[in-house]
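> Residue-level listing of the chains:
Protein chains: 2
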Amino acid sequence: MILPLGYRYSATYAGIRNVARDDLGLIVSAVPASAAAVFTQNRVQAAPVKLCRRHLRASRGLVGAILVNAGNANCATRTGDRVALACCRAVGRQLKLPISQVLAASTGVIGVEMDDKKILNALPQLVAGLNDTRFPDVARAIMTTDLVPKETAAEVALARGTVRIAGMTKGSGMIHPQMATTLGFVLTDARLTPAELRRILTRATESSYNRISVDGDTSTNDTVVLLANGCSGLRPAANELGKVEEGVVTVMETLARMIARDGEGANKLVTIHVAGAANADAAARIARGIANSPLVKTAIAGSDPNWGRIISAAGNAGVAFDPSKVDIEMQGTPVCRGGLAARFSESALKQKLDAPECEIHFTIRGKGKGQARFWTCDFTEGYIRINASYRT
Amino acid sequence: MILPLGYRYSATYAGIRNVARDDLGLIVSAVPASAAAVFTQNRVQAAPVKLCRRHLRASRGLVGAILVNAGNANCATRTGDRVALACCRAVGRQLKLPISQVLAASTGVIGVEMDDKKILNALPQLVAGLNDTRFPDVARAIMTTDLVPKETAAEVALARGTVRIAGMTKGSGMIHPQMATTLGFVLTDARLTPAELRRILTRATESSYNRISVDGDTSTNDTVVLLANGCSGLRPAANELGKVEEGVVTVMETLARMIARDGEGANKLVTIHVAGAANADAAARIARGIANSPLVKTAIAGSDPNWGRIISAAGNAGVAFDPSKVDIEMQGTPVCRGGLAARFSESALKQKLDAPECEIHFTIRGKGKGQARFWTCDFTEGYIRINASYRT
Numbered sequence: 001m002i003l004p005l006g007y008r009y010s011a012t013y014a015g016i017r018n019v020a021r022d023d024l025g026l027i028v029s030a031v032p033a034s035a036a037a038v039f040t041q042n043r044v045q046a047a048p049v050k051l052c053r054r055h056l057r058a059s060r061g062l063v064g065a066i067l068v069n070a071g072n073a074n075c076a077t078r079t080g081d082r083v084a085l086a087c088c089r090a091v092g093r094q095l096k097l098p099i100s101q102v103l104a105a106s107t108g109v110i111g112v113e114m115d116d117k118k119i120l121n122a123l124p125q126l127v128a129g130l131n132d133t134r135f136p137d138v139a140r141a142i143m144t145t146d147l148v149p150k151e152t153a154a155e156v157a158l159a160r161g162t163v164r165i166a167g168m169t170k171g172s173g174m175i176h177p178q179m180a181t182t183l184g185f186v187l188t189d190a191r192l193t194p195a196e197l198r199r200i201l202t203r204a205t206e207s208s209y210n211r212i213s214v215d216g217d218t219s220t221n222d223t224v225v226l227l228a229n230g231c232s233g234l235r236p237a238a239n240e241l242g243k244v245e246e247g248v249v250t251v252m253e254t255l256a257r258m259i260a261r262d263g264e265g266a267n268k269l270v271t272i273h274v275a276g277a278a279n280a281d282a283a284a285r286i287a288r289g290i291a292n293s294p295l296v297k298t299a300i301a302g303s304d305p306n307w308g309r310i311i312s313a314a315g316n317a318g319v320a321f322d323p324s325k326v327d328i329e330m331q332g333t334p335v336c337r338g339g340l341a342a343r344f345s346e347s348a349l350k351q352k353l354d355a356p357e358c359e360i361h362f363t364i365r366g367k368g369k370g371q372a373r374f375w376t377c378d379f380t381e382g383y384i385r386i387n388a389s390y391r392t
Numbered sequence: 001m002i003l004p005l006g007y008r009y010s011a012t013y014a015g016i017r018n019v020a021r022d023d024l025g026l027i028v029s030a031v032p033a034s035a036a037a038v039f040t041q042n043r044v045q046a047a048p049v050k051l052c053r054r055h056l057r058a059s060r061g062l063v064g065a066i067l068v069n070a071g072n073a074n075c076a077t078r079t080g081d082r083v084a085l086a087c088c089r090a091v092g093r094q095l096k097l098p099i100s101q102v103l104a105a106s107t108g109v110i111g112v113e114m115d116d117k118k119i120l121n122a123l124p125q126l127v128a129g130l131n132d133t134r135f136p137d138v139a140r141a142i143m144t145t146d147l148v149p150k151e152t153a154a155e156v157a158l159a160r161g162t163v164r165i166a167g168m169t170k171g172s173g174m175i176h177p178q179m180a181t182t183l184g185f186v187l188t189d190a191r192l193t194p195a196e197l198r199r200i201l202t203r204a205t206e207s208s209y210n211r212i213s214v215d216g217d218t219s220t221n222d223t224v225v226l227l228a229n230g231c232s233g234l235r236p237a238a239n240e241l242g243k244v245e246e247g248v249v250t251v252m253e254t255l256a257r258m259i260a261r262d263g264e265g266a267n268k269l270v271t272i273h274v275a276g277a278a279n280a281d282a283a284a285r286i287a288r289g290i291a292n293s294p295l296v297k298t299a300i301a302g303s304d305p306n307w308g309r310i311i312s313a314a315g316n317a318g319v320a321f322d323p324s325k326v327d328i329e330m331q332g333t334p335v336c337r338g339g340l341a342a343r344f345s346e347s348a349l350k351q352k353l354d355a356p357e358c359e360i361h362f363t364i365r366g367k368g369k370g371q372a373r374f375w376t377c378d379f380t381e382g383y384i385r386i387n388a389s390y391r392t
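The listed protein sequences correspond, in order, to chains A and Y. Going letter by letter, the first sequence gives residues 1 to 392 in the working numbering. Going letter by letter, the second sequence gives residues 1 to 392 in the working numbering.
In short, the hints are calculated from the structure, not lab data. All values derive from a computational prediction rather than experimental measurement. Don't take every hint at face value.
Distance condition first, Cα-Cα at most 27 Å in a straight line; then the derived DSSO-like pairs of lysine-lysine [as the list claims (entries may be wrong)]:
#, chain 1, residue 1, chain 2, residue 2
1, Y, Lys325, A, Lys50
2, Y, Lys352, Y, Lys325
3, Y, Lys50, A, Lys325
4, Y, Lys50, Y, Lys117
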């Protein structure tokens, strides 16, 4: 993976999680980077989310470092604000950054006090370990119930050279689209203003993180940060901004798909395509309704081409459509035509549904131009096993 | 169980479901009964739902018989309307009722053509089997993934005598509150007008069927019918209507709780009490948000007092509240005070959570008067097992 210029990374085990696996990560930019971020829309917001908002305002969108921990969400905690602030202050001191240029992010259990001493004690080692290749170590340190680390990169060729974009993210439960979902960090060495980054991030989030669901639960800690430090020396021309945005979208959609594929207990990545809705929002609502239906997701787990559950879930999405105009395909096989059963070989389709990737096309006939793509996973006994005992 | 006067019941196996278990039921009133009904709000509606609406309009709220089948939802089918009508016409002919006084209800798989010959062939036997004690046989015939039949009754003492109310219903999946959920039939021998019944049913549905969830999926076939045939000879006085409504509410809340308790794969009935919200609607939305969270429901399955998931789910309900004013109790044990962890014995509470009934109290401190009660079940591997292979 080719990483953007001008960033260093480190990870260590601070003792926040019970198992001795890295739980603390640090991302540092060589120069203060332009930054944009999106956060959870849950009414209950973790201390680091509130702190990030304040710091981005105070720094006018400049970020020098991001400290991130797994194992504790630092949410609904007495000492949350103080702990988040103390950790950022310590990072700032060690890296000679104004505290407002340090962001914090946390993921893990809610409602358990976080011990800042563990983090402060681990900081010297964390900073000493910084180098420009340890991107994958941070991606591993932020994993909770994730089975695989999630990272991807893209290069964008501009007239005067190439800029790089790299992103990392985590899953795997409490995943539901509301602005941003989970944690995600996307870095580029292009030179962009915070205002440009905000526009790019908002649009890219809409087609990536806002289009995935694992279980319909939105976390209290969701944070996606996009940094641009300009270390490539390249500032995209006005007519090249679109290309950079495409690169960011590619990285973020890939990360989002990785989250859905590694949903808790999931065996299959499910892609839902909706077309022919009145507008894009209506299409997204139908797609989300299908993606959130436990009955659709368990049917996929059982390789059962039970399209009745798909049309029923769409019917609950709060969007008006005529069921007799609906065509549904699963794995390219028509299963429903005009709202009625299509003729298909059940056994052949069952076999196709055993694949690790499933595609559902839900099309409303007519003149509607609204389209949406949405990613989710199948719903297996593994999800229950993981979540009936996650905390203990 | 003391049944209301003037109703007869029958059930038989018509061959609609694969296993030889009664799948066809009939409820007949000795005289045309006043009727009210509520139906699913899914955009995709089964043929019998559409037929019931038409018949209730045409008959001005009079019903002589209800034909109900399990094993096929008669939804998204080419022949659905014709089949539902043919069945009602045959029942009307055999019972000498106008076709508009016959209702039909179906539950089962969506998108598979229903063979009306099976039903028409079984009708003579079904009608021959009618008597005034076979209420439980119909309750059993409408079961799908239900483990137990669901029936309950109440008596209401009026000034000049007693009237009786009996109800039956079914679960166990695609259960989510939207007007009515699943199938429910509530019968009384009080004399009431269709308009009175509609008012009673609307209010009673709000506090019963609209307050349960198993999996957040709303069926295409949900139907709850309330009949009053007057066979007790008693017409409640104006000031006694409230007592009758209370009786109906008691019966419907009991049925609703039975559905939640017997949710697919469920081991536990979970009752969620919300208090202190701005108004009743806000309270209901918070309660529903908690009840629909897979993470809360899996934690209950694992007897894990993970209150962070409860406050996070409430935060996603789309209702404004101050997290620092929230108190949460599980099984009477305070687990969260003012949005923060309370001190409690985890092992003692885990043991309490092993009980077959769990109570969650979510209280917002302050002057809000909004309250709501909501029933759901825990979420276990059994749900997945059942639904990954329901159709096949």
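> For each hint, tell me whether it holds in the structure or not.
Cross-check of the supplied hints:
1. Y:Lys325 <-> A:Lys50: holds, 18 Å
2. Y:Lys352 <-> Y:Lys325: Distance ~25 Å between lysine 352 of chain Y and lysine 325 of chain Y Cα, so the pair holds.
3. Y:Lys50 <-> A:Lys325: Answer holds: lysine 50 of chain Y to lysine 325 of chain A is near 18 Å, not above 27 Å.
4. Y:Lys50 <-> Y:Lys117: holds, 21 Å
No hint from the list above goes unmet by this structure.
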